[in-house]
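Colleague: For reference, the chains in residue letters:
Protein chains: 2
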Amino acid sequence: MKIVESIHEMRDIAERTRIDGKIIGFVPTMGCLHEGHLSLMRKAREEVDLLIISIFVNPAQFAQGEDYDRYPRDLDEDIRKASEIGADIIFYPGKEKIYPDNYHTVVIVEKITNKLCGVSRPSFFRGVATVVTKLFNIVRPHKAYFGEKDYQQLVVIRKMVKDLNMDIKIIGIPIIRESNGLAMSSRNLYLTDRERASALSLSRSLNRAKEMVDSGERAAERIISEMKSIIESGRFTEIDYIAVCDPEEFEDVDKIKERVLIALAVRIGKTRLIDNCIVEVK
Amino acid sequence: MKIVESIHEMRDIAERTRIDGKIIGFVPTMGCLHEGHLSLMRKAREEVDLLIISIFVNPAQFAQGEDYDRYPRDLDEDIRKASEIGADIIFYPGKEKIYPDNYHTVVIVEKITNKLCGVSRPSFFRGVATVVTKLFNIVRPHKAYFGEKDYQQLVVIRKMVKDLNMDIKIIGIPIIRESNGLAMSSRNLYLTDRERASALSLSRSLNRAKEMVDSGERAAERIISEMKSIIESGRFTEIDYIAVCDPEEFEDVDKIKERVLIALAVRIGKTRLIDNCIVEVK
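For the protein sequence lines, the chains are A and B, in the order given. Residues in the first sequence are numbered consecutively from 684, following my numbering. Residues in the second sequence are numbered consecutively from 684, following my numbering.
Do not take every clue at face value.
Given that identical chains are not distinguished, each listed pair holds provided it fits within a single copy or across any two copies.
As the list claims (entries may be wrong) - As a list, the in silico DSS-like pairs of lysine-lysine whose alpha-carbon atoms are at most 27 Å apart:
no., residue 1, residue 2
1, K794, K780
2, K685, K845
3, K911, K705
4, K893, K938
5, K893, K965
6, K705, K852
7, K780, K826
8, K893, K764
9, K852, K953
10, K826, K845
11, K953, K911
12, K705, K826
13, K794, K705
14, K852, K826
15, K705, K726
16, K780, K764
Simulated from the structure, these hints should not be mistaken for lab results.
All chains, please: the whole structure from these sequences, using the hints.
Modeller: Here is the structure:
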């Protein structure tokens, strides 16, 4: 496995790989790889010739006061894990290479980024769309893999790729959870033991929502209210949002009639966690 | 020469051409080809294996009330001219293909688009940057050619390409003028004979500005004032802006010390024309 820090070198490798008619798979990450990332990488490894992982903690997707500085970083451990899965390249550019002085271009997916996480993190998705566009242009993947844990992000990237005519297949990979139900996230490292216990209420509330729908409940309001009481029964919790919405445009749904996304963001102490599930109605 | 209307087909041709190791050159246009466009195409023809011209009148770069509907279109004549120069492909997608229902992604180059033409046409450059990104992703050129007549546009595209790490060489081609000095533009077709006569004041004012600098004048204010009086001496003229500025960031220059851009936009009757020149100081 090769570590590539230079944009120029990365691009040359990608160009040569494409001319050779080989398939490039790409897993963009902010590092601190956990089982969620690894499941993306394993899936990609099965499907492509050249597997490229990027590790870049993207300042543009953190707002002032968010956790950019303390976001967990562990390159050695990431290298070990990626190598074990058989990744071919870790692309590891520095901040100055990705955003040099005098950088001022942004990619904005409008409308669907004003919902859910976009409300409390108004510049998050433009930061994501911009850096992913840049990484796509450097790595030139045929296929790119994103986790469904960040469901809105996955939809935003799909929309951007379609709207901007990028010739890239975007593949969503199901959420990986700890055995206790907690969705894998690099930010779980921030949690104290007591916060961790409390954080289990997130997946519990989603499970309860699924049960309710399975038992015939169709009123989003009653589902949200039940989820709310489950989450608020835990300590240190502060709900950012709980939404029952359509999975493409994220418009709130009152009566569940078809496939919906149930998504939430909750602060546990200082840590903001997200989780979601798709619920099908037969 | 082939006319390609399908995005899918255009992309397939581009992909195959790149895999063959051949060089793709691209001249994006809004059609109604004149000698300015043709000079871009001739230059490209010398430099590349596959020469692709696009013809697409981009609604996103026209504001409400601008001339989108009456913008001149003449596909048959365009085909004849492009074929004569030896273009390989005219990519001619429809509006519905480029902006399908539910389209909502934009590319914005900030800061330098708030100057010059960006002041009176605030959404123009985001329309240009967005459509050029889309066309680049479809046509996948190694080299793309833009006229220096739209100098700010050329700089904005260069900036976008650099910022978003697009692996495309942007080539600027000097302004082509009629023998009387009028810069070639599809919009010249709008002019009545009397407006046309009046429009000559644009290049005359730029020539005078050059003369003044050559004779040692360094005060932008005096140059602008002289240009203003030349343009205002013509009939039907209404100045949008006259600027003496640095050619990268478009910051106004008071005392000319190095290379500057002298740029202007003037309405002649209902027709808005632009022109510019670069002035070097020895």
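Colleague: The structure should be examined with respect to each hint, and the outcome stated for every one.
Modeller: Verification of the supplied hints:
{"no.": "1", "hint": "K794 to K780", "result": "between (30 Å within a copy, 20 Å between copies)"}
{"no.": "2", "hint": "K685 to K845", "result": "between (31 Å within a copy, 25 Å between copies)"}
{"no.": "3", "hint": "K911 to K705", "result": "neither (49 Å within a copy, 59 Å between copies)"}
{"no.": "4", "hint": "K893 to K938", "result": "within (14 Å within a copy, 70 Å between copies)"}
{"no.": "5", "hint": "K893 to K965", "result": "within (13 Å within a copy, 75 Å between copies)"}
{"no.": "6", "hint": "K705 to K852", "result": "both (15 Å within a copy, 24 Å between copies)"}
{"no.": "7", "hint": "K780 to K826", "result": "both (24 Å within a copy, 23 Å between copies)"}
{"no.": "8", "hint": "K893 to K764", "result": "neither (34 Å within a copy, 63 Å between copies)"}
{"no.": "9", "hint": "K852 to K953", "result": "neither (36 Å within a copy, 46 Å between copies)"}
{"no.": "10", "hint": "K826 to K845", "result": "both (13 Å within a copy, 23 Å between copies)"}
{"no.": "11", "hint": "K953 to K911", "result": "within (19 Å within a copy, 60 Å between copies)"}
{"no.": "12", "hint": "K705 to K826", "result": "both (12 Å within a copy, 23 Å between copies)"}
{"no.": "13", "hint": "K794 to K705", "result": "neither (36 Å within a copy, 39 Å between copies)"}
{"no.": "14", "hint": "K852 to K826", "result": "both (5 Å within a copy, 25 Å between copies)"}
{"no.": "15", "hint": "K705 to K726", "result": "within (17 Å within a copy, 33 Å between copies)"}
{"no.": "16", "hint": "K780 to K764", "result": "within (25 Å within a copy, 43 Å between copies)"}
The structure shown violates the earlier hints numbered 3, 8, 9 and 13.
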